[in-house]
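J.: So the chains spell out like this:
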Amino acid sequence: MRFLLGYGSCGIASGADFVLEGLNEVLKSTEYSVEKVGCNGLCFAEPIVEIIDDNGNSTLYGRLDKESAKVLAEGVLKGEMPEGNKFTDAELNFLNSQKRIVLSGCGKVNPESIDSYISMGGYNAFRKALEMGSDKIIEEIKASGLRGRGGAGFPTHFKWQSAKNSQSDEKYVVCNADEGDPGAFMDRAVLEGDPHRVLEGMMIAGIAIGAKMGIIYVRAEYPLAVKRLQLAINELREKKLLGKNILNSGFDFDFSIMMGAGAFVCGEETALLASLGGNRGMPVTKPPFPAQKGFRKQPTNINNVETFANVSWIIENGGSSFAEMGTENSKGTKVFALAGRVKRGGLVEVPMGITIEKIVFDICGGIIDDADVKAVQMGGPSGGCIPKDMLSTPIDYESIAKTGAIMGSGGMVVMDENTCMVDMAKFFMDFTSKESCGKCVPCRIGTTRMLEILERIVDGKGTEGDIDTLMELAESIKTGALCGLGNSAPNPVLTTIKYFKDEYLAHINEKKCPAKKCTSLISYTIDEELCKGCSLCSRKCPNNAISGEIKKPFSINSELCIRCGQCIATCKFGAIKIESGVK
Amino acid sequence: MSCELKSKIKSIVEKYSNPSESLIAVLQEVQALVGYISEESVKCITEITGIASSRILGVASFYAGFRLKPIGKYRIMVCMGTACHVNGGERVADTLRRVLGIEAGDITEDGLFSWEEVACLGCCSISPAMMINDTAYGKLTSEKVVEILESIKEQEAQK
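Protein sequence lines correspond, in order, to chains A and B.
If you're matching positions, the first sequence starts at 1 in my numbering and goes up one per residue.
If you're matching positions, the second sequence starts at 1 in my numbering and goes up one per residue.
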């Protein structure tokens, strides 16, 4: 009998420590102990415990706290599988309808134990790769059709081949783990939940291109990932799987970790290299490509976390098995981080070619409160909003690009009818204008000007030519910026104008926010029929905007009201309404 | 300049074979030591390594992870990621602004709290979220934020 506790950042934030306490109280006098594993991606039901019985059967329990964890452990010790907190079949469908390669170890393997990874076949691919040698490895990667999972989708074998072709005694493999796309957490989950899978992929890349050093550039905001990576590297060194002449193969390799300091633009290869060198992360023109002149001016191969996490599977199972999954030009699987207004948010790994609709509705159970879906945002600040009637778009690099969004790194934020699309465009433009490194004038000034216009529009001060000016600025930024950040910065604005122009027009011409979201364009009122005069809202109002006599309908002073929503959250009678337009 | 600070920074710098290349890591350690990148610590790094203070400040001001102002004993980071935004993250920021009476990046007079807006914390499934020092809090409402702040204040008052 095994007790596995999801102990990733999300699990801990949801109270995994209390569950651990509860389980330990019951298990302390027994032969069993709790194994901490990474996030299994069922984020919507954290904290999670998986019980695996002696026959290998697994039962999942979610939404636990200290008390329910104790009840669970007591039940299991008696040989029962308690019903309380057990996952429903619909919830299990979330997991069962996925195809997991990158996430296969997340929630299964103990991320703080190399033995646990090895017992599941870990580092077999590395051993095989040592025998295969460089050319055969690259051939397999080519046969697999693997493309970069960071967003742009560049063929991986091509990068490896050019780094291999560059002549130098000193080469580097760099893992881009600077997951900066807001709304994306796939890489965090893999690094926290299965760090060895990424390291193994990097080591195989090292054999392929002839590098002796691997560098992981990881976000400082992911302290648990950094800790587990460091632990994993230490364990590898102890097992002599790192260092000189590994397994008597003549291959030398070692790792170092560099913590990023918080700059979205560092996801761009040349900016990342500048940052690795201790400088401001500003992109430079290519060529020379990193494969020719990268870190320390030496040939460097940079891939994303998820790309490396696919490598060991491909080497072990063969490139052709990988290529059997997916579509003609997009092979294998892709991990998505589902968040926003979706019922079951979390990590979803699916074969390429599946539709967005299938992910949102069949796997994730649809929209919270069964509201109407309005759009799905893909690709973060570089991507776009895909509207409801286009959710049957299959997930592959080209089809997604046709909508105006991009595949991106895998963030998928679901929006319902209460999401204002102009506000979303403003949100992303605010992000990119702050993250623009400032090198190229069109990006630095253009994003700021676009943001100013969007701010005016949501504030009810939009004017007739605003949409045209936005489009014009977007075009100049797209063509005039050097790097991917600038080239793609206007995408969120362009896609929302393309698919939700009526919302822009409502803000500009009618001074109304159809989603009732933009605070300058809405007012809160109390329905006199429904209000019982209980005064609860008035007591909760942080700005003393609500007044009235007990047992008589209350009223809201629009000038004092800051539209924080506190009253709506507290009213038991649903008496407080949001009205479009300002009173 | 305090000799103590200089010798501490010196021992940080000495860990790196190439401090210029490892400038970001050096600054991260200095920030962990001092709490922020102070003018004095920049001077120390320059004196020890010879790296121009303009370059050090250039790097420190480029990255969101470096602070040029001190932080509170409780450093509150409000997630400004997409999922948090869709689920009402700005209310968390509004509440902090209102209750603490300070803008993002500032520190309360008693030195107890400072708050800042940060890019995605990667806790999207429990959005809207914030982190106080190393602890993440999720599914926040204005009320919950106030409760969390109150409980910290209470804890501190008892000390």
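Read the hints as simulated data drawn from the structure, not as lab findings.
We put the beta carbon where it would ideally sit given N, CA and C, even for glycine.
Be a bit skeptical, because a hint or two may be false.
[What the hints assert, rightly or not] So, partial list: chain B residues that the calculated Cβ filter (under 7 Å) puts toward chain A:
no., residue
1, S17
2, S20
3, V59
4, A64
5, T82
6, A83
7, R91
8, A104
9, I107
10, T108
11, E117
12, C120
13, N133
14, A136
J.: Take the hints in turn and mark each one as holding or not.
T.: Evaluated hints:
no.: 1; hint: S17; verdict: 11 Å, violated
no.: 2; hint: S20; verdict: 6 Å, holds
no.: 3; hint: V59; verdict: 6 Å, holds
no.: 4; hint: A64; verdict: 4 Å, holds
no.: 5; hint: T82; verdict: 3 Å, holds
no.: 6; hint: A83; verdict: 4 Å, holds
no.: 7; hint: R91; verdict: 6 Å, holds
no.: 8; hint: A104; verdict: 12 Å, violated
no.: 9; hint: I107; verdict: 19 Å, violated
no.: 10; hint: T108; verdict: 18 Å, violated
no.: 11; hint: E117; verdict: 9 Å, violated
no.: 12; hint: C120; verdict: 4 Å, holds
no.: 13; hint: N133; verdict: 11 Å, violated
no.: 14; hint: A136; verdict: 4 Å, holds
Checked against the numbered hints given earlier, this structure breaks hints 1, 8, 9, 10, 11, 13; the rest are met.
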